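Enquirer: So you can see what is in the structure, the chains are spelled out below.
There are 2 protein chains.
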Amino acid sequence: MLGQKLAHRISTQETFGADAQLLLFDLSFPLDSAPGKKIVGNLTASGIAKSVAAQRPDVIFHLAAIVSGQAEKDFALGWDVNLMATWALLNALKDEHEASGGEYTPRLVFASSIAVFGSPFPEKLSDEFLSAPLTSYGAQKAASELMITDFSRKGYLDGTSLRLPTLCVRPGKANAAASSFFSCIIREPLNRNEAVLPVAETVRHWHASPRAAATFLTHAATMDTQLLNYRRALNMPGVSCTVAEQIEALRDVAGQDAVGLIRREPDEAIERIVKNWPRDFQTDRALELGFKAESSFDEIIQVYLEDDFRL
Amino acid sequence: MLGQKLAHRISTQETFGADAQLLLFDLSFPLDSAPGKKIVGNLTASGIAKSVAAQRPDVIFHLAAIVSGQAEKDFALGWDVNLMATWALLNALKDEHEASGGEYTPRLVFASSIAVFGSPFPEKLSDEFLSAPLTSYGAQKAASELMITDFSRKGYLDGTSLRLPTLCVRPGKANAAASSFFSCIIREPLNRNEAVLPVAETVRHWHASPRAAATFLTHAATMDTQLLNYRRALNMPGVSCTVAEQIEALRDVAGQDAVGLIRREPDEAIERIVKNWPRDFQTDRALELGFKAESSFDEIIQVYLEDDFRL
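Quick mapping for you: the protein sequence lines, in order, are chains R and Y.
Yeah, the first sequence ends on 311 if you go by the UniProt record's numbering, and it's all consecutive.
Yeah, the second sequence ends on 311 if you go by the UniProt record's numbering, and it's all consecutive.
Since the hints were made in silico from the structure, they are not lab data.
Hints are not guaranteed to be accurate.
What the hints assert, rightly or not - Here are the computed lysine-lysine pairs in the BS3-like style, where the Cα-Cα straight-line distance is at most 25 angstroms:
#1 R:Lys275 to R:Lys73
#2 Y:Lys94 to Y:Lys50
#3 Y:Lys173 to Y:Lys73
#4 Y:Lys154 to Y:Lys173
#5 R:Lys73 to Y:Lys94
#6 Y:Lys73 to R:Lys94
#7 R:Lys154 to Y:Lys73
#8 Y:Lys38 to Y:Lys73
#9 Y:Lys73 to R:Lys50
#10 Y:Lys292 to Y:Lys73
#11 Y:Lys154 to Y:Lys50
#12 R:Lys37 to R:Lys73
#13 R:Lys94 to R:Lys154
#14 Y:Lys275 to R:Lys154
#15 Y:Lys94 to Y:Lys154
#16 R:Lys38 to R:Lys50
#17 R:Lys275 to Y:Lys154
#18 Y:Lys37 to Y:Lys50
#19 Y:Lys37 to Y:Lys94
#20 R:Lys73 to Y:Lys154
#21 R:Lys37 to R:Lys154
#22 R:Lys73 to Y:Lys50
#23 Y:Lys124 to R:Lys124
#24 R:Lys73 to R:Lys38
#25 R:Lys124 to R:Lys292
#26 Y:Lys275 to Y:Lys73
#27 Y:Lys94 to Y:Lys292
This structure is a prediction, so every number in the text was calculated from the model and none was measured.
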């Protein structure tokens, strides 16, 4: 989803100039895929990272991942895709760097996640809060960050890792992620469907729109990485709000009828998972570096209506 | 060095009972090696981790590593030994766990390092200070910690990572590590040899004796890991002192003649590296869990005299 948003953004906004070429690599592509050269493949397959790197892209957005729920169910697959494919990609880029006599030093932007953090938390996480993940997905993202920082420190590439907030409002269908409901309770009522709320309205979480996430990625691709000073994993800005505040924002936009479509159906398993998620961040570094998110949940809904809503 | 200290300690102190069997795995063994079954091999070689795991040891001390200076020089070798061999070992143990129907869940104690931390630092690092390493060695240790914590969370094994202070006074010859002088300026004068001090006397650092490190490892092998609560990487206690304080401790033990053997020879390269090392820690968690280090540098010298000094 984010990859397609990003590709559409790059192809329409000319972030990298009018003659920039887009090379898309994925397991498969949707029908309404962004324009650009497409390669279908699996990054974990032997030799694939090497053949992608051999194209010597100037900027690489590495978003390939097994989602959190699946990485928890299929342990080997999660580590293979979320860490070992990153490892293969980094080494393939390093090989190109060396083959070019040091000329080729690509910019790499890695989609990390706030899943690198695990409870216990303070109410608000600072830029210096430790990575102590409580999921395999979080551990794999945190280990990838360490690799990217070290390959960058050695000058083989110029990488950053962006710890994205939960993306909301996600378009399309609900998925298996435990965080899916944060989007469902907004998207489904706006589309006149029922939505299930499995947690208490007091639950507070950290959100940004898919559009904001795409701008984080392009900003990281063009920013001055000298300013990062070896700390190349950045907590991205976002909006901290409770489920009650999300629902109030929905009421502002779509009225009580929409809100009435949210059905409370407490789910202890989801409550337990969500309890271990961060609630709020103080993202001074990212803000100083020019990353911008929405400033309210109302604005996040507005972005969904502008970018993805088709009744 | 630490592996041999640990093996001698286990074989003489009956930490694991009188009938415990010691299985030593290394690239080679010194002549005065501790007793026990010895396997010579390279943990990075294909299938080796599997054959070690197949012995189903109850407790595994994983100390195998390329040292910091060498990992910085040979990037590929460092990642291979310091991370990928850990990965192979963890997977081999997981395979045994699964083959046993979940019966076999070994205790794993991993020698991590304060190299997982990178500047800028507060004067004193808390148990919650982030891992932002500035060396490949530190990144490899930090990534290994993430794996060990995740394999443990999933119940495949029962692992802890101990972030050891700089070991001082190391017996034997000086090595290539940038930290080597911390031991040299004590050991060499005690042995009536000259020693070179490459940094200012105001440099403050974090030390523990090799004996203390061996007791950390055995304590971690027998402690109640339920108390760790998913944060399985622990900062070990130690002694924070300046080089000037080290020299004063040497004077107390061996007099001005010994101190006179220390030759000041500032080395900018070493100064630059050491500047990025932590100076002091507040290790509340480890102390509460029963880990104990020396309480002064005088005591650290005393341990060297008792354990390793032979004039």
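Enquirer: Please write out, lowest number first, the hints stated earlier that are contradicted by the structure.
Expert: Result: hints 4, 8, 10, 12, 21, 24, 27 break, sorted rising.
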